Amino acid sequence: MTFGTAPSSQVSPRPAPSSARAHKQLLDDERDERRRTFRRPQRTVNTTRANQTGLGSRHLGVGISLSSGFVALFLLWRFAIQWDQYVNPLPTLAAWIILFAATVTTLVLVNRLAGRMPTWMFLTVLATGEIIVGLDLAGYGRGGNLVTYPTAAAAVGALFTILVTVRRGREIVAATLVLGAVIAAGSLTNARSDPFILAPAILTITLCMFPPLVGVSIVRGFRRMVQRELDLVLVQSTVTQPSSAVGMLASEELARIDLDAETLLDDVATGRTALPLSAAKAAAASTLATQLRLHLIEGRRETWLHHALTESEFLGPAVNLDDPAGLAGQLSPEQRDALLLAIWLLISDTEGAEPTVSLVLGPLGRISGQTIGDKLRFPIKMIIEGVPRRRVDPETWQAIRVVGPHIDSVRSGQLHVDIECSIDNPADA
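Heads up: the sequence shown at position 285 corresponds to 285 in UniProt numbering, and the numbers run straight through without jumps.
Because the hints were derived from the structure by calculation, they are not lab data.
Note that this is a predicted model, so its numbers are computed, not measured.
Every residue gets a Cβ at the ideal spot worked out from N, C-alpha and C, and that includes glycine.
Watch out, some of these pointers could steer you wrong.
Unchecked claim - Label pairs and their calculated CB-CB ranges:
#	residue 1	residue 2	range
1	Val104	Asn320	13 to 23 Å
2	Asp260	Thr206	52 to 62 Å
3	Leu123	Gly413	45 to 55 Å
4	Arg256	Gly413	44 to 54 Å
5	Pro276	Arg256	17 to 27 Å
6	His59	Leu203	46 to 56 Å
7	Arg168	Asp424	48 to 58 Å
8	Ala283	Arg224	23 to 33 Å
9	Asn111	Arg390	44 to 54 Å
10	Ala282	Arg170	18 to 28 Å
Work the whole structure out from these sequences, hints included.
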(Lines of atoms letter the chains of each structure in order from A and count residues from 1; the text may use other names and numbers.)
(Lines give C-alpha, C1' and ligand atoms only; values in the text may rest on other atoms or scores of the structure.)
Protein backbone atom coordinates (compact mmCIF):
# COMPACT_ATOMS: atom_id res chain seq x y z
CA MET A 1 0.00 0.00 0.00
CA THR A 2 1.08 3.54 -0.69
CA PHE A 3 -0.12 6.51 1.26
CA GLY A 4 0.42 10.04 0.01
CA THR A 5 1.07 11.63 3.43
CA ALA A 6 2.28 10.26 6.71
CA PRO A 7 0.19 10.71 9.87
CA SER A 8 0.88 13.78 11.92
CA SER A 9 2.56 11.71 14.61
CA GLN A 10 5.24 10.67 12.11
CA VAL A 11 6.06 14.16 10.92
CA SER A 12 9.28 15.29 12.51
CA PRO A 13 9.82 18.96 13.36
CA ARG A 14 11.53 21.02 10.71
CA PRO A 15 15.22 21.37 11.50
CA ALA A 16 16.80 24.76 12.00
CA PRO A 17 17.95 26.46 8.78
CA SER A 18 21.58 26.36 9.90
CA SER A 19 21.50 22.61 10.59
CA ALA A 20 19.72 21.99 7.28
CA ARG A 21 22.38 23.94 5.42
CA ALA A 22 25.12 22.09 7.28
CA HIS A 23 23.52 18.75 6.40
CA LYS A 24 23.25 19.71 2.73
CA GLN A 25 26.85 20.91 2.70
CA LEU A 26 27.95 17.60 4.20
CA LEU A 27 26.10 15.67 1.49
CA ASP A 28 27.64 17.86 -1.22
CA ASP A 29 31.12 17.33 0.22
CA GLU A 30 30.60 13.57 0.30
CA ARG A 31 29.36 13.62 -3.29
CA ASP A 32 32.40 15.60 -4.47
CA GLU A 33 34.77 13.31 -2.59
CA ARG A 34 33.26 10.22 -4.19
CA ARG A 35 33.52 11.77 -7.62
CA ARG A 36 37.19 12.59 -7.06
CA THR A 37 38.03 9.12 -5.80
CA PHE A 38 35.88 7.17 -8.26
CA ARG A 39 37.82 4.64 -10.30
CA ARG A 40 36.20 2.48 -12.92
CA PRO A 41 37.38 -1.15 -13.17
CA GLN A 42 40.06 -1.54 -15.83
CA ARG A 43 38.23 -4.37 -17.59
CA THR A 44 35.24 -2.07 -17.99
CA VAL A 45 37.42 0.67 -19.45
CA ASN A 46 39.05 -1.75 -21.88
CA THR A 47 35.71 -3.17 -23.00
CA THR A 48 34.23 0.28 -23.57
CA ARG A 49 37.25 1.45 -25.55
CA ALA A 50 37.30 -1.71 -27.64
CA ASN A 51 33.64 -1.24 -28.60
CA GLN A 52 33.76 2.54 -28.96
CA THR A 53 33.22 2.40 -32.72
CA GLY A 54 30.23 0.10 -32.37
CA LEU A 55 28.44 2.39 -29.93
CA GLY A 56 27.16 4.58 -32.77
CA SER A 57 29.13 7.78 -32.18
CA ARG A 58 30.88 7.47 -35.54
CA HIS A 59 27.56 7.12 -37.36
CA LEU A 60 26.33 10.13 -35.43
CA GLY A 61 29.41 12.04 -36.56
CA VAL A 62 28.69 11.20 -40.19
CA GLY A 63 25.17 12.58 -39.85
CA ILE A 64 26.41 15.78 -38.20
CA SER A 65 29.04 16.22 -40.93
CA LEU A 66 26.42 15.84 -43.65
CA SER A 67 24.22 18.42 -41.96
CA SER A 68 27.08 20.90 -41.78
CA GLY A 69 27.82 20.14 -45.42
CA PHE A 70 24.52 21.78 -46.40
CA VAL A 71 25.68 24.94 -44.65
CA ALA A 72 28.93 24.82 -46.62
CA LEU A 73 26.98 24.36 -49.87
CA PHE A 74 24.90 27.44 -49.05
CA LEU A 75 28.06 29.46 -48.46
CA LEU A 76 29.53 28.16 -51.74
CA TRP A 77 26.38 29.28 -53.56
CA ARG A 78 26.70 32.65 -51.89
CA PHE A 79 30.30 32.90 -53.06
CA ALA A 80 29.17 32.17 -56.61
CA ILE A 81 26.45 34.83 -56.71
CA GLN A 82 28.76 37.54 -55.37
CA TRP A 83 31.64 36.61 -57.69
CA ASP A 84 31.32 39.79 -59.76
CA GLN A 85 31.40 41.97 -56.65
CA TYR A 86 34.85 40.83 -55.53
CA VAL A 87 37.77 43.15 -56.12
CA ASN A 88 39.91 40.04 -56.57
CA PRO A 89 38.10 36.69 -56.25
CA LEU A 90 41.21 34.53 -56.70
CA PRO A 91 42.24 34.38 -52.99
CA THR A 92 38.72 33.33 -52.00
CA LEU A 93 38.64 30.78 -54.83
CA ALA A 94 41.95 29.37 -53.60
CA ALA A 95 40.50 29.23 -50.07
CA TRP A 96 37.55 27.18 -51.31
CA ILE A 97 39.83 24.77 -53.18
CA ILE A 98 41.97 24.26 -50.06
CA LEU A 99 38.82 23.84 -47.96
CA PHE A 100 37.45 21.17 -50.29
CA ALA A 101 40.73 19.23 -50.25
CA ALA A 102 41.04 19.54 -46.47
CA THR A 103 37.45 18.40 -45.94
CA VAL A 104 37.86 15.29 -48.09
CA THR A 105 41.18 14.41 -46.44
CA THR A 106 39.78 14.93 -42.94
CA LEU A 107 36.72 12.78 -43.66
CA VAL A 108 38.91 9.93 -44.90
CA LEU A 109 41.23 10.15 -41.89
CA VAL A 110 38.39 10.35 -39.36
CA ASN A 111 36.73 7.25 -40.82
CA ARG A 112 40.01 5.32 -40.62
CA LEU A 113 40.95 6.37 -37.10
CA ALA A 114 40.29 3.75 -34.42
CA GLY A 115 40.29 6.24 -31.56
CA ARG A 116 41.03 9.90 -30.97
CA MET A 117 42.69 11.99 -33.66
CA PRO A 118 46.36 12.57 -32.84
CA THR A 119 47.24 16.05 -31.64
CA TRP A 120 49.58 16.77 -34.53
CA MET A 121 46.84 15.92 -37.01
CA PHE A 122 44.36 18.13 -35.16
CA LEU A 123 46.84 21.02 -35.19
CA THR A 124 47.31 20.48 -38.93
CA VAL A 125 43.57 20.86 -39.48
CA LEU A 126 43.56 24.04 -37.39
CA ALA A 127 46.50 25.45 -39.35
CA THR A 128 44.72 24.65 -42.61
CA GLY A 129 41.66 26.47 -41.30
CA GLU A 130 43.80 29.50 -40.50
CA ILE A 131 45.13 29.55 -44.06
CA ILE A 132 41.60 29.35 -45.45
CA VAL A 133 40.40 32.18 -43.22
CA GLY A 134 43.39 34.34 -44.13
CA LEU A 135 42.88 33.86 -47.87
CA ASP A 136 39.15 34.52 -47.68
CA LEU A 137 39.48 37.65 -45.56
CA ALA A 138 42.17 38.94 -47.89
CA GLY A 139 40.09 38.29 -50.98
CA TYR A 140 36.54 39.42 -50.23
CA GLY A 141 35.64 42.89 -51.48
CA ARG A 142 35.91 45.98 -49.33
CA GLY A 143 34.23 49.32 -49.62
CA GLY A 144 30.87 50.85 -48.85
CA ASN A 145 29.31 49.88 -52.17
CA LEU A 146 30.43 46.28 -52.22
CA VAL A 147 28.14 43.89 -50.45
CA THR A 148 30.44 40.91 -50.03
CA TYR A 149 31.09 38.80 -46.96
CA PRO A 150 33.40 35.92 -46.01
CA THR A 151 32.22 32.57 -47.35
CA ALA A 152 35.09 30.06 -47.26
CA ALA A 153 36.13 31.32 -43.82
CA ALA A 154 32.63 30.71 -42.49
CA ALA A 155 32.62 27.23 -44.05
CA VAL A 156 35.64 26.32 -41.89
CA GLY A 157 33.07 25.73 -39.15
CA ALA A 158 31.78 22.78 -41.19
CA LEU A 159 35.36 21.45 -41.29
CA PHE A 160 35.57 21.66 -37.50
CA THR A 161 32.25 19.82 -37.22
CA ILE A 162 33.86 16.70 -38.70
CA LEU A 163 36.15 16.53 -35.66
CA VAL A 164 33.49 16.49 -32.94
CA THR A 165 33.69 12.70 -32.48
CA VAL A 166 37.49 12.40 -32.48
CA ARG A 167 38.54 15.36 -30.31
CA ARG A 168 37.45 16.81 -26.99
CA GLY A 169 34.45 19.09 -27.07
CA ARG A 170 36.25 21.95 -25.31
CA GLU A 171 38.91 21.96 -28.03
CA ILE A 172 36.32 22.23 -30.80
CA VAL A 173 34.45 24.95 -28.89
CA ALA A 174 37.65 26.97 -28.34
CA ALA A 175 38.62 26.72 -32.01
CA THR A 176 35.09 27.72 -33.07
CA LEU A 177 35.03 30.76 -30.78
CA VAL A 178 38.37 31.95 -32.14
CA LEU A 179 37.12 31.42 -35.69
CA GLY A 180 33.93 33.35 -35.00
CA ALA A 181 35.87 36.22 -33.41
CA VAL A 182 38.20 36.50 -36.40
CA ILE A 183 35.33 36.52 -38.90
CA ALA A 184 33.43 39.03 -36.78
CA ALA A 185 36.45 41.30 -36.69
CA GLY A 186 36.82 41.05 -40.46
CA SER A 187 33.13 41.49 -41.28
CA LEU A 188 31.90 44.06 -38.79
CA THR A 189 34.86 46.44 -38.77
CA ASN A 190 34.32 47.49 -42.38
CA ALA A 191 32.47 50.70 -43.11
CA ARG A 192 28.84 49.69 -43.69
CA SER A 193 26.66 52.73 -44.14
CA ASP A 194 23.40 50.78 -44.46
CA PRO A 195 22.34 49.08 -41.18
CA PHE A 196 20.44 46.44 -43.15
CA ILE A 197 23.75 45.22 -44.58
CA LEU A 198 24.75 44.22 -41.05
CA ALA A 199 22.27 41.32 -41.05
CA PRO A 200 24.14 39.20 -43.65
CA ALA A 201 27.33 39.66 -41.63
CA ILE A 202 25.62 38.37 -38.50
CA LEU A 203 24.19 35.48 -40.52
CA THR A 204 27.68 34.61 -41.75
CA ILE A 205 29.04 34.50 -38.21
CA THR A 206 26.10 32.36 -37.10
CA LEU A 207 26.58 29.91 -39.98
CA CYS A 208 30.23 29.67 -39.02
CA MET A 209 29.72 28.90 -35.33
CA PHE A 210 26.38 27.10 -35.26
CA PRO A 211 27.32 23.68 -36.81
CA PRO A 212 30.35 22.84 -34.61
CA LEU A 213 28.73 24.08 -31.40
CA VAL A 214 25.55 22.12 -32.05
CA GLY A 215 27.62 19.09 -33.06
CA VAL A 216 29.57 19.21 -29.79
CA SER A 217 26.34 19.49 -27.82
CA ILE A 218 24.77 16.52 -29.64
CA VAL A 219 27.84 14.31 -29.24
CA ARG A 220 28.14 15.15 -25.53
CA GLY A 221 24.50 14.32 -24.93
CA PHE A 222 24.78 11.09 -26.90
CA ARG A 223 27.91 9.96 -25.10
CA ARG A 224 26.41 10.76 -21.73
CA MET A 225 23.33 8.72 -22.63
CA VAL A 226 25.48 5.80 -23.78
CA GLN A 227 27.65 6.00 -20.65
CA ARG A 228 24.56 5.94 -18.46
CA GLU A 229 23.20 2.89 -20.24
CA LEU A 230 26.54 1.09 -20.06
CA ASP A 231 26.80 1.98 -16.40
CA LEU A 232 23.31 0.59 -15.79
CA VAL A 233 24.20 -2.67 -17.56
CA LEU A 234 27.39 -3.04 -15.52
CA VAL A 235 25.56 -2.26 -12.29
CA GLN A 236 22.80 -4.76 -13.07
CA SER A 237 25.43 -7.47 -13.48
CA THR A 238 25.96 -7.35 -9.71
CA VAL A 239 22.39 -8.55 -9.08
CA THR A 240 23.38 -12.17 -9.68
CA GLN A 241 26.30 -12.11 -7.23
CA PRO A 242 26.24 -14.19 -4.03
CA SER A 243 25.11 -12.55 -0.81
CA SER A 244 28.72 -11.57 -0.05
CA ALA A 245 31.40 -11.32 -2.72
CA VAL A 246 34.20 -9.16 -4.00
CA GLY A 247 33.54 -6.59 -6.68
CA MET A 248 35.32 -5.99 -9.95
CA LEU A 249 37.80 -3.55 -8.45
CA ALA A 250 38.62 -5.92 -5.61
CA SER A 251 38.92 -8.87 -8.00
CA GLU A 252 41.43 -6.89 -10.06
CA GLU A 253 43.43 -6.21 -6.90
CA LEU A 254 43.24 -9.89 -5.95
CA ALA A 255 44.49 -10.85 -9.41
CA ARG A 256 47.44 -8.47 -9.01
CA ILE A 257 48.25 -9.78 -5.53
CA ASP A 258 47.97 -13.36 -6.77
CA LEU A 259 50.37 -12.64 -9.63
CA ASP A 260 52.89 -11.04 -7.28
CA ALA A 261 52.62 -13.98 -4.87
CA GLU A 262 53.08 -16.52 -7.68
CA THR A 263 56.10 -14.60 -8.96
CA LEU A 264 57.67 -14.61 -5.50
CA LEU A 265 57.01 -18.33 -4.97
CA ASP A 266 58.33 -19.14 -8.43
CA ASP A 267 61.51 -17.19 -7.71
CA VAL A 268 62.00 -19.19 -4.51
CA ALA A 269 61.25 -22.51 -6.23
CA THR A 270 63.63 -21.90 -9.13
CA GLY A 271 66.40 -20.56 -6.93
CA ARG A 272 66.36 -17.02 -8.26
CA THR A 273 65.60 -15.89 -4.70
CA ALA A 274 67.76 -17.48 -2.04
CA LEU A 275 66.50 -18.68 1.33
CA PRO A 276 66.25 -17.27 3.90
CA LEU A 277 64.55 -14.27 2.34
CA SER A 278 66.19 -10.90 2.57
CA ALA A 279 64.57 -8.18 4.65
CA ALA A 280 63.10 -6.50 1.55
CA LYS A 281 61.68 -9.76 0.16
CA ALA A 282 60.28 -10.75 3.55
CA ALA A 283 58.59 -7.36 3.90
CA ALA A 284 57.11 -7.71 0.40
CA ALA A 285 55.77 -11.19 1.22
CA SER A 286 54.27 -9.93 4.48
CA THR A 287 52.59 -7.05 2.65
CA LEU A 288 51.11 -9.43 0.08
CA ALA A 289 49.74 -11.68 2.82
CA THR A 290 48.21 -8.72 4.66
CA GLN A 291 46.58 -7.38 1.50
CA LEU A 292 45.20 -10.81 0.67
CA ARG A 293 43.66 -11.22 4.13
CA LEU A 294 42.12 -7.74 3.98
CA HIS A 295 40.53 -8.39 0.60
CA LEU A 296 39.14 -11.73 1.74
CA ILE A 297 37.65 -10.12 4.86
CA GLU A 298 36.11 -7.33 2.80
CA GLY A 299 34.58 -9.90 0.50
CA ARG A 300 32.74 -11.43 3.46
CA ARG A 301 31.23 -8.08 4.49
CA GLU A 302 30.42 -6.36 1.20
CA THR A 303 27.17 -7.19 -0.57
CA TRP A 304 26.16 -6.88 -4.20
CA LEU A 305 24.47 -3.53 -3.44
CA HIS A 306 27.71 -2.12 -2.04
CA HIS A 307 29.55 -3.09 -5.22
CA ALA A 308 26.74 -1.81 -7.43
CA LEU A 309 26.97 1.63 -5.82
CA THR A 310 30.73 1.98 -5.45
CA GLU A 311 31.44 0.80 -9.01
CA SER A 312 28.84 3.07 -10.60
CA GLU A 313 29.93 6.48 -11.85
CA PHE A 314 26.40 7.86 -11.49
CA LEU A 315 25.04 6.08 -8.40
CA GLY A 316 28.19 6.16 -6.28
CA PRO A 317 28.32 9.92 -5.59
CA ALA A 318 24.56 10.21 -5.01
CA VAL A 319 23.67 7.20 -2.83
CA ASN A 320 24.52 6.61 0.83
CA LEU A 321 24.22 3.02 2.04
CA ASP A 322 23.85 1.87 5.65
CA ASP A 323 23.66 -1.93 5.74
CA PRO A 324 25.83 -3.19 8.61
CA ALA A 325 24.14 -6.60 8.71
CA GLY A 326 24.48 -7.22 4.96
CA LEU A 327 20.72 -7.68 4.55
CA ALA A 328 20.87 -6.61 0.90
CA GLY A 329 22.57 -9.91 0.16
CA GLN A 330 19.45 -11.80 1.34
CA LEU A 331 17.13 -10.17 -1.20
CA SER A 332 15.79 -12.30 -4.02
CA PRO A 333 16.96 -11.57 -7.59
CA GLU A 334 13.62 -9.89 -8.36
CA GLN A 335 13.88 -7.68 -5.27
CA ARG A 336 17.49 -6.81 -6.05
CA ASP A 337 16.70 -5.81 -9.60
CA ALA A 338 13.67 -3.77 -8.53
CA LEU A 339 15.55 -1.96 -5.74
CA LEU A 340 18.42 -1.12 -8.07
CA LEU A 341 16.01 0.08 -10.75
CA ALA A 342 14.16 2.29 -8.27
CA ILE A 343 17.41 3.91 -7.13
CA TRP A 344 18.52 4.39 -10.72
CA LEU A 345 15.26 6.04 -11.76
CA LEU A 346 15.33 8.37 -8.76
CA ILE A 347 18.84 9.52 -9.64
CA SER A 348 18.66 9.66 -13.43
CA ASP A 349 15.19 11.09 -14.08
CA THR A 350 15.93 14.52 -12.61
CA GLU A 351 17.06 17.44 -14.75
CA GLY A 352 19.30 20.13 -13.32
CA ALA A 353 19.06 18.87 -9.72
CA GLU A 354 21.52 16.58 -7.95
CA PRO A 355 19.40 14.26 -5.84
CA THR A 356 20.70 12.23 -2.94
CA VAL A 357 19.32 8.87 -1.82
CA SER A 358 20.08 7.44 1.61
CA LEU A 359 19.38 3.74 2.13
CA VAL A 360 19.10 2.15 5.57
CA LEU A 361 18.50 -1.61 5.68
CA GLY A 362 17.33 -3.20 8.92
CA PRO A 363 18.04 -3.66 11.66
CA LEU A 364 16.49 -6.98 12.52
CA GLY A 365 14.69 -6.48 15.82
CA ARG A 366 11.65 -7.44 17.81
CA ILE A 367 9.29 -5.56 15.55
CA SER A 368 10.93 -5.80 12.15
CA GLY A 369 12.60 -9.17 12.48
CA GLN A 370 9.43 -11.21 12.50
CA THR A 371 9.10 -14.62 10.95
CA ILE A 372 5.83 -15.26 9.16
CA GLY A 373 5.68 -18.77 7.81
CA ASP A 374 9.05 -19.24 6.15
CA LYS A 375 9.57 -15.51 5.55
CA LEU A 376 11.66 -13.00 7.48
CA ARG A 377 10.79 -9.30 7.49
CA PHE A 378 12.96 -6.23 7.93
CA PRO A 379 12.55 -2.54 6.97
CA ILE A 380 14.25 -0.64 4.17
CA LYS A 381 14.19 3.11 4.63
CA MET A 382 14.80 5.37 1.64
CA ILE A 383 15.35 9.10 2.21
CA ILE A 384 15.33 11.03 -1.07
CA GLU A 385 16.49 14.63 -1.14
CA GLY A 386 16.20 16.81 -4.23
CA VAL A 387 13.32 14.90 -5.88
CA PRO A 388 9.76 16.16 -5.25
CA ARG A 389 7.17 13.43 -4.88
CA ARG A 390 5.25 14.67 -7.92
CA ARG A 391 8.38 14.17 -10.05
CA VAL A 392 8.81 10.51 -9.13
CA ASP A 393 8.14 8.32 -12.15
CA PRO A 394 5.28 5.78 -11.81
CA GLU A 395 7.71 3.05 -12.82
CA THR A 396 9.73 3.88 -9.73
CA TRP A 397 6.75 3.16 -7.46
CA GLN A 398 6.12 -0.06 -9.37
CA ALA A 399 9.71 -1.17 -8.75
CA ILE A 400 9.43 -0.29 -5.05
CA ARG A 401 6.26 -2.39 -4.78
CA VAL A 402 8.23 -5.38 -6.06
CA VAL A 403 10.65 -4.95 -3.14
CA GLY A 404 7.77 -4.87 -0.66
CA PRO A 405 4.77 -2.91 0.66
CA HIS A 406 5.69 0.68 1.41
CA ILE A 407 4.51 3.95 2.92
CA ASP A 408 5.80 7.24 1.55
CA SER A 409 5.70 10.65 3.22
CA VAL A 410 7.28 14.07 2.92
CA ARG A 411 9.14 15.35 5.97
CA SER A 412 11.19 18.53 6.12
CA GLY A 413 11.34 18.71 2.33
CA GLN A 414 12.62 15.13 2.02
CA LEU A 415 10.76 12.19 0.55
CA HIS A 416 10.73 9.22 2.93
CA VAL A 417 9.83 5.75 1.69
CA ASP A 418 9.50 3.00 4.30
CA ILE A 419 9.50 -0.47 2.73
CA GLU A 420 8.60 -3.65 4.58
CA CYS A 421 10.72 -6.31 2.92
CA SER A 422 10.05 -10.05 3.19
CA ILE A 423 12.84 -12.52 2.45
CA ASP A 424 13.43 -16.22 2.78
CA ASN A 425 14.81 -17.20 6.16
CA PRO A 426 18.55 -17.91 5.69
CA ALA A 427 18.31 -20.60 8.38
CA ASP A 428 16.04 -22.63 6.10
CA ALA A 429 18.49 -22.54 3.19
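Here is what the structure says about each hint:
1. Val104 / Asn320: 13 to 23 Å: Between Val104 and Asn320, where Cβ atoms are some 54 Å apart, the hint is violated.
2. Asp260 / Thr206: 52 to 62 Å: Distance hint for Asp260, Thr206 holds at roughly 59 Å.
3. Leu123 / Gly413: 45 to 55 Å: holds, 51 Å
4. Arg256 / Gly413: 44 to 54 Å: 46 Å Cβ-Cβ, so the 44 to 54 Å window holds.
5. Pro276 / Arg256: 17 to 27 Å: holds, 26 Å
6. His59 / Leu203: 46 to 56 Å: This hint is violated: roughly 30 Å between Cβ atoms.
7. Arg168 / Asp424: 48 to 58 Å: For Asp424 against Arg168, whose Cβ atoms are near 50 Å apart, the range 48 to 58 Å holds.
8. Ala283 / Arg224: 23 to 33 Å: At 46 Å between Cβs, range violated.
9. Asn111 / Arg390: 44 to 54 Å: With Cβ atoms ~47 Å apart, the hint holds.
10. Ala282 / Arg170: 18 to 28 Å: The hinted range 18 to 28 Å is violated for Ala282 and Arg170, with Cβ atoms some 50 Å apart.
This entry does not satisfy hints 1, 6, 8 and 10, going by the numbered hints stated previously.
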